[in-house]
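**Student:** Residues per chain are reported as follows:
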Amino acid sequence: MDRRSFLATTAAGAAATAFPAVLRAQGKDPIRIGFPLPLTGPFGALAADQQRGAQLGADELNAKGGILGRKVEVLFRDDQLKPAVGAQRTKELIENEKVQFIVGGLAAHVQMAINEQTKKSKVLFISVSQSDEISAKPDTSPITFHEALNPTITSRAVGGWIADNLGKKWWIIYADYAWGKQNNAVLHDVLKKKGGTVLGATPYPLGSAEFSAHLPKIQAARPEVLVTVTPGADNIAFLKQVISYGMKKEMRIAQPLHWLPQLKEGGPELYADIYGGTNFYWELQDTIPQVKRYVEAFQKKFNMPPGDYGCYAYSGVMEVARGCELAKSTDSEAVAKALRANPVYDHYKGKQWWRPCDNKSFQDLWIVKGRDKAKGDWGLVEVVSRIPANEELDRTCAEKGLA
Amino acid sequence: MLEIPLSALTAQVFTGLVIGMVFVLLAIGLSLIFGLMTVVNFAHGSLYMLGAYFGVFLIGLTGNFWLGLVLAPLMVGALGLLIERVLIRRLYGRSPDDPLLLTFGLSLILVEGVKLVWGKIGLTLDPPRAFAGALNLGFMTFPAYRLFVIVVTAAVLVGLWLFLARTNVGLIIRAGSRDPLMVRALGIDLSRIWLLVFGIGTALAGLAGILAGPMRGVYAEMGVTMVIESFVVVVVGGMGSLVGAVVAGILMGQVVGLTTFFAPKLAEIMVFVVMAVVLLVRPSGLFGEAGLLE
Amino acid sequence: MSGRPAVRALTVWVAAHPVLSFFVFFAIFPFLLPYKALATQVLIFGLFALGFNLLYGYTGLLSFGHAAYYGLGAYGTGIALAKLQVGSLWAGLGAGLLLAAAGGAVIGFFCLQRRGIYFAMLTLAFAQLLYFIAFHLPDWTGGDDGLRGIPQLKLGLGESSLSLDSTLGFYYFSYALVGLAVAGLKRILDSPFGAVLQAIRENRDRAVACGYDVNRVRLLSFVFSALFAGLAGSLDALRLTVVPIEALYWTTSGQVVMMTLLGGAGTFFGPFVGAATFLVLEDRLSVFTESWPLVIGAIFSAFVLFLPSGIWGTLTGGLLHGHQGR
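Residue numbers (numbering that gives the first Met the number 0), protein chains in the order written: chain A, 0 to 402; chain B, 0 to 293; chain C, 0 to 325.
Pulled out of the complex, with its shape left as it was, chain A reads as follows (with noise of 0.2 Å):
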């Protein structure tokens, strides 16, 4: 920091304390929260639950109140999937919209481009998209929080339960970027330490929905397992190919984690019998309260039950307003330091905790099967096991390069 912005910031803090009436009088306005998610593009479905998920958030923020007295007011805005398009709009919102806080993101590598810009603009950024990244060294900050799973967390459970549970012989298939590739890299981590093999591991390209060239080496080698590493419309493309070459007859088959629009799409002939991870599952409320008071709140607003990542969303809009509560203000630096101070909560699952040294949230999973027949329009999978949450599931701060 230059010499003329320290003192333009020493000012401004020096008045500010000095003329707190000042601060309670502009009080009156909402406070508002930015929302960059992908709107348009391959992944809208999971996009739209986010908003519905963050929506619900605020309606119950305003229904008792607000935050501090004051409207809650959350701004969508498409980020394309792209990074340059997710920073322009994090720039409007914070420039033009004058947000206090960011929650968002859907796509690991357009987030990092949000997080660039809310480092800058020194705003609070509660991040909702997987990635091994936001959360360590260099792109992690005070100020960036993340909310969701990572594929370290998800892969070294799931890969866990698969190693214990359904074989030790695998065959990895993954899509080649870094969601890809951070989960193949923990999941041969993780089968090596349970002392399996991983038969063979295939790279290809996202978004390619052509798979069947990558099918007859995998049968020739009759893995125990075949883990797929496919996100969205691929991971529908490649079970069907692999059910039309009779595969699933011959090897078990399992992914890091299930989405909700994706098993609505293929429905139980796709997806029965294969096994994933997840951070929710709505069929929970009839073992959780939490998760029954959110699901009834969710389906009376929208007619239908929570996804997965619509939770995330409604959870980083409740901690932003958990953390003005705590710190009794809505400047930034001061909400994360009193959601490091009160790292536990609970908005929808169970308990959660952020761990202090990189903002990082710990959280339970579920492993979940597809089953034969779908209970009704949404009962698609059934939960296998709990992973409760912890914090040797993800890397060390060390690690992260964070003391």
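Bear in mind the hints are in silico, worked out from the structure with no lab data behind them.
Hints may be right or wrong, so weigh each one.
As the list claims (entries may be wrong) - Now the in silico label distances, taken between C-beta atoms and shown as ranges:
id : chain 1 : residue 1 : chain 2 : residue 2 : range
1  : A       : E268      : B       : V85       : 35 to 45 Å
2  : A       : R221      : C       : N214      : 52 to 62 Å
3  : C       : Q112      : B       : R177      : 22 to 32 Å
4  : A       : E268      : C       : H135      : 30 to 40 Å
Beta carbons are placed, not taken as given, at the ideal position from N, Cα and C, and that holds for glycine.
With the hints as your guide, set chains B and C onto chain A.
**Tutor:** Using the frame of chain A, we list chains B and C on its own:
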């Protein structure tokens, strides 16, 4: 790990053939349209996508896959006729880049339009029960539906060849692809032929879409990468050459299939590398004629 | 209408004094838009389109792969500042420009061996090749996560250094550099080289018959075009402090084509008008509707059909030598 069973390699070659057949259907349409009208149809990928969507719609309506297979390409072809008549026709006589730009804008409209009508979540297109599983052919097991795709495409190609080689209209189309100026000079009114060609070309794209749907899923963006790859195929074959479109389509299908097998990381870029090499060695593609739109 | 002659006179004046008009208009531009960061984006993409237009509108060569030079500029600057830590803003910019120009020279050399649609497809192929290389060299480029950590450097030295932190500060910095580029383009177009360029566009064979070295001229045009696109990329890298992998993807190439056409290919200001229109439309539309690509696609198609000279081209219609007689 390097022991490759023969059955796997054979399956791979057949897989490449299926990929190639889809390319051929798209490339022939593009090449026909370009060869006769010098129109570069960027909306070809969206029409491919619409073939799949119309297929889902028709099958949902009638419950019959075969009906969908026949009618969906016809619907796309009808749309193609409309596009040519209402939009492209206005651009004749202008810069040759203009139809390309217009169809580019059109593709944006079609992709978003589909999402508005059918939603953001993709749709499922199921092949007939009879083709659902894999066939054990002795020397390899291969999905029955994919064999079906190969057979259908081959049949359509034969039909197309007969049409072009044995009918008067076909003769005019072939002549017009080779030398549009001459055909006009002979006093033949090409505007009706153009309409027909655009309709046929787009119908072929729609057929490719409904054939690909059960293999790869049906979603709005499914045509986006296909259109680029199809252009590559057409350019490699030679713009305006139908033989080139077939040969290049099958060739590129093998390129994709075998690269995926042996060096998966390179699969994405191989098509472009092959194209660049072909163009630098044979300027107008494998079977193309020099002087076409240069 | 009484306003008409005034508008006409204004466009005539602007067309006759492009550099001055640029400096005047863009000095106040940030204050005309909903928010200032949008102005910087328009400036940078206007420059990108300016470069593309030199090749397309003035030389008559349609490139589908112009993202390559924008990307090379961005990665050049990004790698120099973030990975190699050269520490100097100017060195960073220089690195980007150098890489873009080199790319233009090499790729241009290969692509110019063919013409028409084959030329276009070759430019696309090379751009995709670069995309692929950048994707698979994450240690240098960050791969598909993008190159992050570009530092905010200062202009000048020590105590008197100007921080480019603020939006307006960075805007005027870009304004100065883009202005230089605009002035440079004017010089190029007014020079004998520029005249030969347009002669080639109008009638290549005749230009050859007149004894001009067409290939050399087109290659030079290609390199200049790459240089302008590269500067745009470098500035964007500084603006975003990241270089996303999409910088090299064909959709970026498609965008610059649309902007140039919307504004008016073959006109001086067309690129800026087009960039402004496209970006402001996209910005405002996406606030209201998710289907904004449909609206943009429809507007773009309407332009191709009814207003092929673009906005600026139609306004100045007949005043300037337009693209292929428009």
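**Student:** Please go over all the hints and tell whether each is borne out by the structure.
**Tutor:** Evaluation of the provided hints:
1. A:E268 / B:V85: 35 to 45 Å: Cβ of E268 of chain A to Cβ of V85 of chain B: about 40 Å, so the range 35 to 45 Å holds.
2. A:R221 / C:N214: 52 to 62 Å: The hinted range 52 to 62 Å holds for R221 of chain A and N214 of chain C, with Cβ atoms some 58 Å apart.
3. C:Q112 / B:R177: 22 to 32 Å: holds (24 Å)
4. A:E268 / C:H135: 30 to 40 Å: 36 Å Cβ-Cβ, so the 30 to 40 Å window holds.
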